[in-house]
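Read off the chains here:
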Amino acid sequence: MKFSFRPTEGAFYELFTKAAYNLVRGTELLNELALPGVDVQSVSERLTEVEHDSDQLTHELYKKINSTFITPFDREDIYRLGSQLDDVMDHLEAVGSLLYLYGLTKLPALPREMHELVAVLDQQAKLTADAMPRLRTMKALEDYWIECNRLENDGDRAYRMLLVRLFSGEYDALTVLKMKEVADELEAACDAFEHVANTVETIAVKES
Amino acid sequence: MKFSFRPTEGAFYELFTKAAYNLVRGTELLNELALPGVDVQSVSERLTEVEHDSDQLTHELYKKINSTFITPFDREDIYRLGSQLDDVMDHLEAVGSLLYLYGLTKLPALPREMHELVAVLDQQAKLTADAMPRLRTMKALEDYWIECNRLENDGDRAYRMLLVRLFSGEYDALTVLKMKEVADELEAACDAFEHVANTVETIAVKES
Amino acid sequence: MKFSFRPTEGAFYELFTKAAYNLVRGTELLNELALPGVDVQSVSERLTEVEHDSDQLTHELYKKINSTFITPFDREDIYRLGSQLDDVMDHLEAVGSLLYLYGLTKLPALPREMHELVAVLDQQAKLTADAMPRLRTMKALEDYWIECNRLENDGDRAYRMLLVRLFSGEYDALTVLKMKEVADELEAACDAFEHVANTVETIAVKES
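Chains as they are written, first to last, in the numbering used here: chain A, 1 to 208; chain B, 1 to 208; chain C, 1 to 208.
Do not take every clue at face value.
Identical chains blur together in the list; that is why a pair holds if it fits in one copy or across any two.
As the list claims (entries may be wrong) - When the alpha-carbon atoms are kept at most 20 Å apart in a straight line, the in silico EDC-like pairs for lysine to aspartate or glutamate are as follows:
1. Lys106 - Asp86
2. Lys106 - Glu142
3. Lys206 - Glu60
4. Lys63 - Glu113
5. Lys206 - Asp156
6. Lys64 - Glu49
7. Lys206 - Asp77
8. Lys64 - Glu201
9. Lys180 - Glu170
10. Lys180 - Asp156
11. Lys64 - Glu142
12. Lys126 - Glu51
13. Lys206 - Asp90
14. Lys206 - Asp184
15. Lys64 - Asp154
16. Lys139 - Asp53
17. Lys63 - Glu201
Don't read these hints as lab results, they were simulated from the structure.
Small disclaimer: the values here were computed from a predicted structure and weren't measured.
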């Protein structure tokens with residue numbers, strides 16, 4: 001394996017930024033699901049494409065780590081950040097896929113709290129995409145992780161109220177189970193964004 | 001950022017100890033839920049207060065790590081321990097909150113296995129609170145983590161039997177789903193105590 | 001505590017290999033559950049025995065780490081690999097145990113997708129057992145982790161289709177809930193094998 005002896009730091013920041021922009025594409029696709037008459041299968045398929053693209057970015061990142069002699073920060077933290085960005089994408093893709101597979105979109109409308117969760121994810125995605133390029137200077141990152149954690153709290157609350165709604169007797173048991181699976185993926189995506197933020201915090205603290 | 005050059009180790013042990021004592025307060029509040037005629041809303045609100053207090057302790061800990069030049073043990077392990085203590089609290093708070101939000105306390109009684117799980121958590125909390133000050137000398141910690149892991153096994157068994165009970169046909173499907181959420185949080189709290197114990201073990205092994 | 005100053009590397013590889021062979025025994029026992037007229041209680045009990053054996057191997061490994069001065073690779077990675085192999089076993093044992101406790105084997109047949117998941121686990125177990133001895137030379141490991149990750153994707157797909165089946169209306173709500181618990185343990189085992197593979201990758205990358 002050839003090593004590049006000059007740090008090619010730029011490539012790392014670019015890969016993180018691209019991966020985070022894919023998350024924005026992902027949450028924007030989920031937002032489309034709220035539109036009347038939306039083609040859920042098409043949204044789900046486009047989400048799967050974005051997810052494949054993210055997988056490739058992650059593999060590129062891993063190869064880069066292995067072939068780079070000096071990495072901009074701890075090798076292990078680069079791994080972790082890459083795989084955590086990938087985790088978010090997996091959950092976003094699962095949301096679209098499950099909505100489609102379970103035929104949930106035949107319902108007159110999805111519960112309002114689900115759209116609230118998607119709105120939280122969308123904000124987290126945009127914050128994350130904005131923050132990634134700032135890893136280069138390690139400056140002005142604190143606001144990002146504080147806000148991302150705050151949004152996760154919002155998401156938690158929306159998730160709890162979504163379950164209260166699902167268990168209220170408004171839906172039959174099987175529909176509840178299906179929507180619960182979707183809700184769990186939304187909440188996991190919200191958590192996964194927080195994990196990304198926590199890793200950024202850890203990196204920034206080490207470098208400070 | 002100002003650094004203190006003399007290690008202020010004491011503050012770390014104090015924060016861990018305080019965080020662990022909050023867990024004891026948490027499990028004691030959960031114990032109250034077994035009392036006849038208990039005011040669930042009030043218990044849930046007090047749990048939320050304790051959880052807020054724990055959040056503040058965690059933030060204080062993080063600030064302390066960032067402003068301290070020499071930490072008593074690996075910076076990353078301090079982070080991990082702090083965040084794992086916080087995780088336990090989050091699950092305890094969720095138990096009270098869900099019982100209240102789902103209106104589960106209108107049932108004549110909660111299943112016996114739920115109280116068994118709370119009893120396990122109460123023992124784990126007390127063990128943890130007793131162990132935290134011993135981090136200072138790294139002595140006599142082995143009993144703690146062995147016992148905490150043993151209790152987690154007890155908790156696992158109680159959780160399994162709780163699910164057998166919930167799925168027995170004694171309750172309607174929506175009630176089962178609600179109680180399952182509570183059961184999952186109780187089990188997650190039990191696991192979270194084990195994670196704390198595992199981190200203490202890792203720290204002690206490194207220092208030995 | 002006595003330290004051995006000459007690296008006794010061999011013992012570590014042996015313990016990993018033994019632990020992985022227990023996973024093969026575990027998945028083979030799960031395979032038996034597909035046989036007509038199988039004695040589920042007996043299979044579940046034998047799984048519990050294998051799990052106890054794995055617990056002992058894990059403890060032996062931990063003791064070995066603590067009493068060895070020079071470990072073949074990072075102490076923390078040895079811990080992680082050991083505990084992740086143990087995690088897989090815990091999920092395999094849970095599958096047998098839940099099938100028995102919930103009386104699910106009184107159904108005419110388990111869903112086909114469940115057997116598909118067991119088949120994936122069986123392949124992952126065999127790959128893992130084959131790979132462990134290669135940790136000694138760190139050679140020819142890449143195929144293992146790539147294939148193990150690929151199998152995890154297969155498992156994910158089978159899991160999703162299993163849930164679609166469970167939520168289709170073919171079963172009553174309580175049976176769905178019971179089978180969902182089993183499905184979750186199968187899927188968690190599949191994930192846990194991937195975690196093992198990821199740790200092997202991390203170790204191999206560090207050593208390369």
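Okay, the hints, checked on the actual structure:
no.: 1; hint: Lys106 - Asp86; in the structure: neither (30 Å within a copy, 41 Å between copies)
no.: 2; hint: Lys106 - Glu142; in the structure: neither (42 Å within a copy, 44 Å between copies)
no.: 3; hint: Lys206 - Glu60; in the structure: between (25 Å within a copy, 17 Å between copies)
no.: 4; hint: Lys63 - Glu113; in the structure: neither (40 Å within a copy, 34 Å between copies)
no.: 5; hint: Lys206 - Asp156; in the structure: neither (29 Å within a copy, 36 Å between copies)
no.: 6; hint: Lys64 - Glu49; in the structure: neither (23 Å within a copy, 44 Å between copies)
no.: 7; hint: Lys206 - Asp77; in the structure: both (11 Å within a copy, 13 Å between copies)
no.: 8; hint: Lys64 - Glu201; in the structure: between (23 Å within a copy, 14 Å between copies)
no.: 9; hint: Lys180 - Glu170; in the structure: both (14 Å within a copy, 19 Å between copies)
no.: 10; hint: Lys180 - Asp156; in the structure: both (14 Å within a copy, 18 Å between copies)
no.: 11; hint: Lys64 - Glu142; in the structure: between (27 Å within a copy, 16 Å between copies)
no.: 12; hint: Lys126 - Glu51; in the structure: within (17 Å within a copy, 29 Å between copies)
no.: 13; hint: Lys206 - Asp90; in the structure: neither (28 Å within a copy, 26 Å between copies)
no.: 14; hint: Lys206 - Asp184; in the structure: neither (33 Å within a copy, 35 Å between copies)
no.: 15; hint: Lys64 - Asp154; in the structure: neither (36 Å within a copy, 27 Å between copies)
no.: 16; hint: Lys139 - Asp53; in the structure: neither (29 Å within a copy, 29 Å between copies)
no.: 17; hint: Lys63 - Glu201; in the structure: between (24 Å within a copy, 12 Å between copies)
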